[in-house]
Amino acid sequence: MALINVAAREIHCKIVYYGPGMCGKTTNLQYIHSQVPKDVKGDLLSIATETERTLFFDFLPLDLGKVRGFQTRFHLYTVPGQVLYERTRVAVLNGSDGVVFVADSNKNKMQENVNSLKELAQNVTRQNKKFAEFPIVIQYNKRDLPREVLASVQTMDHFLGVTKMNWPRVEAVATTGTGVFETLRAISRAVISKL
Amino acid sequence: MDPQLTSIIVPTEELGQIEECLVRLVEDTGSDYALLLDKSGQVICSKGDGDRQDITALGALIAGVFASSREVAKLLRERDFRASFQQGVRENIFIALIEEQWILCIIFNKGTHIGLVKVLTKKATDELASVLERVRQQHKARDEVLGSSFRTSMEDTIDLLFRD
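Sequence order for the protein chains is G and S. Numbering follows full-length UniProt numbering, in which position 79 of the first sequence is assigned residue number 79; successive positions increment by one, without gaps. Numbering follows full-length UniProt numbering, in which position 79 of the second sequence is assigned residue number 79; successive positions increment by one, without gaps.
Calculated from the structure, these hints are not laboratory results. Some hints here could point you the wrong way.
Claimed, not checked - With a straight-line Cα cutoff of 25 Å, these simulated BS3-like cross-link-like pairs (lysine-lysine) come out: (1) G/66 <-> S/123; (2) G/130 <-> G/118; (3) G/38 <-> G/66; (4) G/129 <-> S/123; (5) G/41 <-> S/39; (6) S/123 <-> S/47; (7) G/107 <-> G/118; (8) G/130 <-> S/123; (9) S/123 <-> S/39; (10) G/118 <-> S/47; (11) S/122 <-> S/47; (12) S/74 <-> G/129; (13) S/47 <-> G/41; (14) S/39 <-> G/194; (15) G/194 <-> G/66; (16) G/130 <-> S/39.
Said to hold, decoys possible - To give a feel for the contact side, a few chain G residues facing chain S, derived at Cβ under 7 Å: (17) 2; (18) 3; (19) 40; (20) 45; (21) 48; (22) 59; (23) 67; (24) 87; (25) 163; (26) 184; (27) 185.
Claimed, not checked - Some chain G residues well away from chain S (every beta-carbon gap over 10 Å; in silico): (28) 6; (29) 14; (30) 30; (31) 33; (32) 49; (33) 96; (34) 107; (35) 146; (36) 149; (37) 157; (38) 158; (39) 168; (40) 169.
Ideal Cβ placement from N, Cα and C applies to all residues, glycine included.
Model the full assembly from the supplied sequences, consistent with the hints where possible.
Structural data, given as structure tokens:
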């Protein structure tokens with residue numbers, strides 16, 4: 001639900017990082033927060049449990065400055081990944097303009113990735129949006145995992161149906177920042193093209 | 001290009017009416033602050049004492065609380081909780097929903113009675129609902145703002161700011 005405030009000359013967009021538990025959604029936001037210039041970012045707000053797992057969401061406002069006279073702001077959110085927080089994810093997803101789906105490249109996490117993506121499709125559809133047309137970028141995170149447990153890109157494409165859906169796909173290691181900004185650029189462009 | 005029909009565009013005239021409504025609400029109730037949010041957490045307008053620096057975070061959190069309470073409502077087979085009240089030692093917050101789309105939030109201290117806030121908020125939400133109805137009719141304004149040159153400039157900005 002992009003908001004365009006003509007009088008105040010502001011545009012706001014909401015981007016949500018979605019994916020199974022421990023896939024690296026919060027790490028993506030933390031890296032972005034650590035790298036963007038001070039005048040671009042607001043405080044990173046995290047509602048987490050004592051063990052640092054996301055309880056409700058993380059929130060990072062980014063101010064891109066004036067574009068053609070319009071102050072443009074992107075608000076980045078993460079959802080809690082654990083299965084039990086399904087309803088919380090619905091709440092955070094409310095009014096989003098685009099989603100980064102962060103998939104875990106661990107072979108043993110493939111079913112969790114698939115379940116989470118299916119749930120995302122349901123939740124987007126429930127908000128009366130067409131899932132096939134909704135801006136989505138897929139990030140294959142943790143590409144630095146040992147070879148024994150690392151799923152190949154082809155395997156992940158197959159399981160997640162990425163090729164069929166024609167989603168942009170980025171390989172990443174969020175802990176070191178690899179692919180994090182490429183993902184952010186891809187989703188930002190996708191959102192802007194659908195405004 | 002297939003624009004999302006759900007983009008909300010608030011034109012100058014409507015924003016003026018929203019501002020007027022919030023200023024009146026703050027004055028008549030003696031509240032500290034009034035905020036109008038989109039359900040996605042974005043602040044459409046805020047009025048009150050001083051210049052709050054935390055307004056963006058406040059908007060995201062309040063919308064989160066409201067979206068969360070909506071899910072609670074569903075579990076109770078309730079359509080929505082239309083309003084909620086949070087009571088602190090010094091500050092209180094009253095939140096009311098406007099047509100499933102906007103959220104009106106009033107921050108007030110113990111000098112203001114909750115009953116007055118409830119009554120005047122109801123009046124304000126009715127007024128804002130009719131503004132929202134007009135805002136929903138706006139299509140022309142979007143084309144004026146989001147031309148192809150805007151999108152190109154936007155992409156350049158994204159590449160510049162979000163680089164590795």
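Among the hints numbered above, which are violated by the structure, and what are their numbers in rising order?
-> 1, 4, 8, 10, 21, 25, 28, 29 and 33
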